[in-house]
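Enquirer: Chain residues, written in single-letter form:
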Amino acid sequence: MTEGLNLDYSLLIPEFLLVGLVVAIVGLDLYAPKMKKTWLAYIAAAGLVAVGAVSLGYWDTDDNFANIIVVDDYTTFFRVFFVATAAVICLASATMVAEKFRHPGEYYALIILSTIGAIGMAASRELMTAYISLELLSFSLYVLVSYQKFDAKSNEGGLKYLLLGAFASAMFLYGMSLIYGITGSTYYSEIAVGLQNPTGDFQWAMLMGLVLIVTGLGFKVAAVPFHMWTPDAYEGAFPPITAYLGTTSKAAGFALMLVLFSQAFEVVHDDWSWMIAGIAAATMILGNLVALQQHNIKRLMAYSSIGQVGYMLMAIAALNSDTAQALLVHLVGYMVSNMAVFIVIIAWYNMTGKDEIADFRGMRERAPLLAWVLAGALFSLAGLPLFAGFVTKFVLFQSVWNEGFYWLIAIATTTSVVSLYYYLQIMRQAFVEKPAEGEESRLPVPLLMNGLAAALMVGVLYIGLYPQALFDVVEAATDVLFV
Amino acid sequence: MHSPVLTLVLHLEEVLIVGAALFAIGLYVALSKRNAIGILMGIELMLNAVNITFLGFARMSVSEDPIQGHVFAVFVITVAAAEAAVALALAVAIYKHRETVNIDQIDLLRW
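Chain order of the listed sequences is A and B. In terms of our numbering, the first sequence opens at residue 3 and continues consecutively. In terms of our numbering, the second sequence opens at residue 424 and continues consecutively.
Keep in mind that the hints were calculated from the coordinates and are not lab data. One thing to keep in mind: the hints can contain errors.
DSBU-like, lysine-lysine: derived pairs with alpha carbons at most 35 Å apart [as the list claims (entries may be wrong)]:
1. K38/A to K456/B
2. K155/A to K456/B
3. K155/A to K519/B
4. K151/A to K519/B
5. K456/B to K39/A
Because the structure is a prediction, the values reported are computed rather than measured.
Make the full structure from the sequences, and use the hints.
Expert: And the structure:
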């Protein structure tokens, strides 16, 4: 069995390095108790950046490990994407984690472990590997969400996330077992071959399997009607983890969906396209409408992210090489903008300890740089020109339109306008409302937070003004999926 | 003098029906129980249904490489154990605060 398989472990060096980093961080936390705990964050971030640099060395590689893990431009793209996200999250949580937790080492270790899971979801070409990676990501996140052991909200958010996540995994697994049964394989390429010759007996089993797989993945990316855990987990979690949930967890779900549906299920496109289109429509509408009545910023961002998932699901429904490119472009734009918003939320929470929307009043006077970054990032999420969100949304909507999903685009543009309303509500607090009595003074924003916010804002503007570089990278990354 | 050999032939359909029934029971339990531990038990039933289905297909369906199904089942068992560990730890943490694991009463987070 094993001869002919490529067991070249050097392809997996970035993942081994990440595991090494996990061990090093936990070890440092244990054996160097005198070290300032914020240093753990800086070491974790530096290590992640180094791994990102190593991963870049695999650009233009096209190889696989035992046919189950593929290292190509797509994998490299997501390796760098997830590692960069994790590095920003580690830096953003540095001061807070050092103050609140007794053993911050495990916190960073779990973030890095979940990054390995996320990379595995993008890189695997086999159902079992994909499933194990997904659970590695999910389990780390369950623990991270409930990391504030003595906070009832954190525990509650974690428990709800875990129960619904485990439920979704069970559905996903049952779907996989049915697909395995009718195709006789768990490899994507062999599933595609198996599905090419459908017989009447298998039609229902296949449809059932697809429904269950779409359900399971729908839970993971928080698509309506499987989104119930999202607002609770978002509100309960520690703010940096909320940001992490909104970016890595979603991006990993889409990375897996994109590979799975383009490699394994493309031959039965018509059988699942309508399901995902329906879910996308419901997700866009419900996410954006319920966001209108939120008063907690983290809950609002949860529903806003649900709305964004709806836009991205359209690309899966209309899957071809153009929409796949557009999806990755939008993922990057969304990641940068969303992170910028959350950096501001985290910095504000650090200084004031508050996370209601009304608590953002007077931000322009108290922390001007943060306020302007918040404004720019929210405009980007809403899709206004000049910012990343406009370009990425435009490319996404256009590619889906070209596939003939006109009704989806109609819903998407309408709900985009709706989303502008609740984003503006936050900005009204930050810019129009005066600070509360006795709180007019300028806040001492740490240099790190200001720097992160400014850097992410530069990213938002760069993608918004010069998107060509991103397009080129993404084109190379998706080309390998559609040969 | 030969004892009659009782041959019991198990068909794929029967295995799949057991798997589907178990999955349905687990689904019902997971959706109807109000106790977090009960929900977890329902999920475990669903995972076992998955194992039965995988093994049935691997054993009795025409497959060139049946080992995949067997290995998958082993991994599912392992993951289920890890899942139970994390879930029970969380349930204990919540019980310390609220003296209950009834999900109707764990309601700090509402829309």
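Enquirer: Hint by hint, note whether the structure agrees.
Expert: Going through the hints against the structure:
With a CA separation close to 46 Å, the supplied pair K38/A and K456/B exceeds the 35 Å bound. Note on K155/A and K456/B: the hinted pairing holds, with a Cα-Cα distance of about 22 Å set against a maximum of 35 Å. Distance check on the hinted pair: K155/A and K519/B sit about 13 Å apart at the alpha-carbon level, within 35 Å; holds. Pair hint K151/A plus K519/B holds up; C-alpha atoms about 10 Å apart against a cutoff of 35 Å.
Our distance criterion of 35 Å between C-alpha atoms is broken by K456/B and K39/A, whose separation comes to about 43 Å.
Hint check: violations occur at hints 1 and 5; the rest are consistent with the structure.
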